[in-house]
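There are 2 protein chains.
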Amino acid sequence: MKILRTIYAEDLEDIAIGGAILGTGGGGDPYVGKLMAQEAIRKHGPVKLVDMADLPDDALIVPVCMMGAPTVMTEKLPQGDELIIAFRKLEQLLGRKIDAVLCGEAGGVNSTTPFVVAAATGLPLVDGDGMGRAYPELQMVTFTMHGVSATPMVLCDDKGNSLVLETVDNAWTERLARAATVEMGGSALLAFYPMSGDVAKKCVVRGTLTLCANLGRTLRESRAANGNPVDAISDMLGATLLFHGRLTDIDRRTIGGFARGTARFDGVEEWKGQTFKLDFQNEFLMAERDGAIVCTTPDPITLLEAESGNPVTADSLRYGLRLVALAFPCNPQWQTPAGIALVGPRYFGYDADYIPYQVLGHAGGRDQASPA
Amino acid sequence: MKILRTIYAEDLEDIAIGGAILGTGGGGDPYVGKLMAQEAIRKHGPVKLVDMADLPDDALIVPVCMMGAPTVMTEKLPQGDELIIAFRKLEQLLGRKIDAVLCGEAGGVNSTTPFVVAAATGLPLVDGDGMGRAYPELQMVTFTMHGVSATPMVLCDDKGNSLVLETVDNAWTERLARAATVEMGGSALLAFYPMSGDVAKKCVVRGTLTLCANLGRTLRESRAANGNPVDAISDMLGATLLFHGRLTDIDRRTIGGFARGTARFDGVEEWKGQTFKLDFQNEFLMAERDGAIVCTTPDPITLLEAESGNPVTADSLRYGLRLVALAFPCNPQWQTPAGIALVGPRYFGYDADYIPYQVLGHAGGRDQASPA
Numbered sequence: 001m002k003i004l005r006t007i008y009a010e011d012l013e014d015i016a017i018g019g020a021i022l023g024t025g026g027g028g029d030p031y032v033g034k035l036m037a038q039e040a041i042r043k044h045g046p047v048k049l050v051d052m053a054d055l056p057d058d059a060l061i062v063p064v065c066m067m068g069a070p071t072v073m074t075e076k077l078p079q080g081d082e083l084i085i086a087f088r089k090l091e092q093l094l095g096r097k098i099d100a101v102l103c104g105e106a107g108g109v110n111s112t113t114p115f116v117v118a119a120a121t122g123l124p125l126v127d128g129d130g131m132g133r134a135y136p137e138l139q140m141v142t143f144t145m146h147g148v149s150a151t152p153m154v155l156c157d158d159k160g161n162s163l164v165l166e167t168v169d170n171a172w173t174e175r176l177a178r179a180a181t182v183e184m185g186g187s188a189l190l191a192f193y194p195m196s197g198d199v200a201k202k203c204v205v206r207g208t209l210t211l212c213a214n215l216g217r218t219l220r221e222s223r224a225a226n227g228n229p230v231d232a233i234s235d236m237l238g239a240t241l242l243f244h245g246r247l248t249d250i251d252r253r254t255i256g257g258f259a260r261g262t263a264r265f266d267g268v269e270e271w272k273g274q275t276f277k278l279d280f281q282n283e284f285l286m287a288e289r290d291g292a293i294v295c296t297t298p299d300p301i302t303l304l305e306a307e308s309g310n311p312v313t314a315d316s317l318r319y320g321l322r323l324v325a326l327a328f329p330c331n332p333q334w335q336t337p338a339g340i341a342l343v344g345p346r347y348f349g350y351d352a353d354y355i356p357y358q359v360l361g362h363a364g365g366r367d368q369a370s371p372a
Numbered sequence: 001m002k003i004l005r006t007i008y009a010e011d012l013e014d015i016a017i018g019g020a021i022l023g024t025g026g027g028g029d030p031y032v033g034k035l036m037a038q039e040a041i042r043k044h045g046p047v048k049l050v051d052m053a054d055l056p057d058d059a060l061i062v063p064v065c066m067m068g069a070p071t072v073m074t075e076k077l078p079q080g081d082e083l084i085i086a087f088r089k090l091e092q093l094l095g096r097k098i099d100a101v102l103c104g105e106a107g108g109v110n111s112t113t114p115f116v117v118a119a120a121t122g123l124p125l126v127d128g129d130g131m132g133r134a135y136p137e138l139q140m141v142t143f144t145m146h147g148v149s150a151t152p153m154v155l156c157d158d159k160g161n162s163l164v165l166e167t168v169d170n171a172w173t174e175r176l177a178r179a180a181t182v183e184m185g186g187s188a189l190l191a192f193y194p195m196s197g198d199v200a201k202k203c204v205v206r207g208t209l210t211l212c213a214n215l216g217r218t219l220r221e222s223r224a225a226n227g228n229p230v231d232a233i234s235d236m237l238g239a240t241l242l243f244h245g246r247l248t249d250i251d252r253r254t255i256g257g258f259a260r261g262t263a264r265f266d267g268v269e270e271w272k273g274q275t276f277k278l279d280f281q282n283e284f285l286m287a288e289r290d291g292a293i294v295c296t297t298p299d300p301i302t303l304l305e306a307e308s309g310n311p312v313t314a315d316s317l318r319y320g321l322r323l324v325a326l327a328f329p330c331n332p333q334w335q336t337p338a339g340i341a342l343v344g345p346r347y348f349g350y351d352a353d354y355i356p357y358q359v360l361g362h363a364g365g366r367d368q369a370s371p372a
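Protein chains in written order, with full-length UniProt numbering: chain A, 1 to 372; chain B, 1 to 372.
Excised from the complex, chain A in its bound form (with noise of 0.2 Å):
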């Protein structure tokens, strides 16, 4: 198989800070990630990245991740083997050798999990993922359009639980393995969505982690050369800039196994006078300046803070920091009446219908006005 990219345990940095970007204030803080795969590459050796495009059609994929709420998994670190024990179980459980790792959401703490398992097993990792960003719920992939079933899927805790599900579609998936989750403490490791090489080229996000390790060198290298870090996180990835303000107040619980709140800034500079608010589930899903819709899931939204061009998770807001929101735009499959079904606005429970950021008006960035 042709390899795309060998990833060494430094490469990791990179990508750790590029899954932070698309992890959209969620998917869990990359660090912890960042770690269980540097420790599973420094022992078992480099992971080939291959494109989806080279993998045979009759190939077995597995994507591998970690659940529960970002502010649970950052304080309950892993054992480290609990992701490759929920992946040799599934494989046990289909009764034939898993070919290649899959990425099931390439921001936050799963950008760097899948790492963990392709060192450990050498097999190849796609790249590429289930979202192009981070996402909630476990049915909020690309493969759930396609019509993959998320189970059998296993999923293991730090103490040496398993449970293996199947499920009569993906929501039951998510509403079972979120209830085992919030009991196992709070986070599990798992593998899902087996399918097949052809199913996967057409449902996979592709280039996912490549884009991960670019934005991370970017941002190094923008510092490194006393550049302008937010603009060139921007231009990499087509954002627009929604606001730039200071955090005046954040509001944040741990509910049903999520992290969910409502940050608000107050503007500075050419946003002085202007108000900003940010709601989350684990991710940004809903951003209005003064008190007008300017953004919302499924496209993404980051935050970086203003001078180091650093994402910033929902998790780690606090007051007074003086940060940037980027919009940017995601992929089309979930623009699709099917996309906007599964993480569209109505969903999370928004009365407003899915309008790209661009058409809201907001296209031309900072010097645009916020609609009345």
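Simulated from the structure, these hints should not be mistaken for laboratory data.
Keep in mind the model is a prediction, meaning the values are calculated, not measured.
Keep in mind that a hint or two might mislead.
Remember, identical chains collapse to one label, so a pair may be satisfied in a single copy or spanning two.
Simulated pairs of lysine to aspartate or glutamate, EDC-like, Cα-Cα distance not exceeding 16 Å [claimed, not checked]: (1) K2 <-> D99; (2) K159 <-> E174; (3) K97 <-> D351; (4) K159 <-> D169; (5) K277 <-> D251; (6) K2 <-> D57; (7) K89 <-> E221; (8) K2 <-> D81; (9) K2 <-> D51.
Position chain B against the provided structure of chain A, taking the given hints into account.
Chain B only, in chain A's frame:
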């Protein structure tokens, strides 16, 4: 194999009544299980009841049961084949033919559910169970005391979802299965505690299904003969009368997948002027008379209608009912330190040690005064 007795559909009437008596207020209304079992027997043929002693030491024996809040179980009927699906899935997982079905809990709905599986599979049903009564949690079986793991366990719901659990101990099985059951809508069907014949011989509470049948028959015959059904049941159980009164207050809520609450009674006849209080978590756990404890778990407490002798479950308690409360001896395994740790009053949050109800000074029955 020597067959103790053949059970036909009409025999389930008595067994269900006896199961409600051993249900000690919980275990679910046996009416639902009775209908399921009768339908299965009419369709597949009668059930062969066997004694534990007649099974080979290397036989593979699997208990089945229904799990959930009794209040839900009676309203949300299973489709009928979930128990068979759970049983067959576990058999497949174990990679070996199961030789006999076992009753997990002889009290309540689970006195009859094993007949569904025995009828459908043609396998013998062991005359015994893991409690000799009903208890609210999965680990509360004599099997746990003998080191039998509850897992691998298969749990199915009425929608077609299934779970395979493998846990580090039986308390974790309870936690994870309970969370899944709540998410599944409050009830689920399961096959668990796979064990060999030699182990089963050490821990099974023997003869409990025959006891159920005899209790039901005694009640029916006593009524037909215009006898005293309460006395007839009391004699058969070797029971002690704890109270005779009218229900004045019932507090009941479904919390964490359990039906919890307290019932209060005012005495009638020779108990006039005295009060009685009964706490339950699915099952009756603690009885107080005039503020003094007169019986606690693991000693079984059951309520019968004073006139008819019909058993009354906690979820059918209502204002004005005239009831008799009986205590009867528990299986001696529950009185060991391991038994008390599993189901003693302290496990259920009471600041009280277990003292057998006979020792509490009430062996004399209704003539005895309550302690100060």
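Now the hints, each set against the structure:
{"no.": "1", "hint": "K2 <-> D99", "result": "within (14 Å within a copy, 52 Å between copies)"}
{"no.": "2", "hint": "K159 <-> E174", "result": "between (21 Å within a copy, 15 Å between copies)"}
{"no.": "3", "hint": "K97 <-> D351", "result": "neither (46 Å within a copy, 55 Å between copies)"}
{"no.": "4", "hint": "K159 <-> D169", "result": "between (28 Å within a copy, 10 Å between copies)"}
{"no.": "5", "hint": "K277 <-> D251", "result": "within (11 Å within a copy, 45 Å between copies)"}
{"no.": "6", "hint": "K2 <-> D57", "result": "within (15 Å within a copy, 56 Å between copies)"}
{"no.": "7", "hint": "K89 <-> E221", "result": "neither (41 Å within a copy, 55 Å between copies)"}
{"no.": "8", "hint": "K2 <-> D81", "result": "neither (28 Å within a copy, 49 Å between copies)"}
{"no.": "9", "hint": "K2 <-> D51", "result": "within (8 Å within a copy, 64 Å between copies)"}
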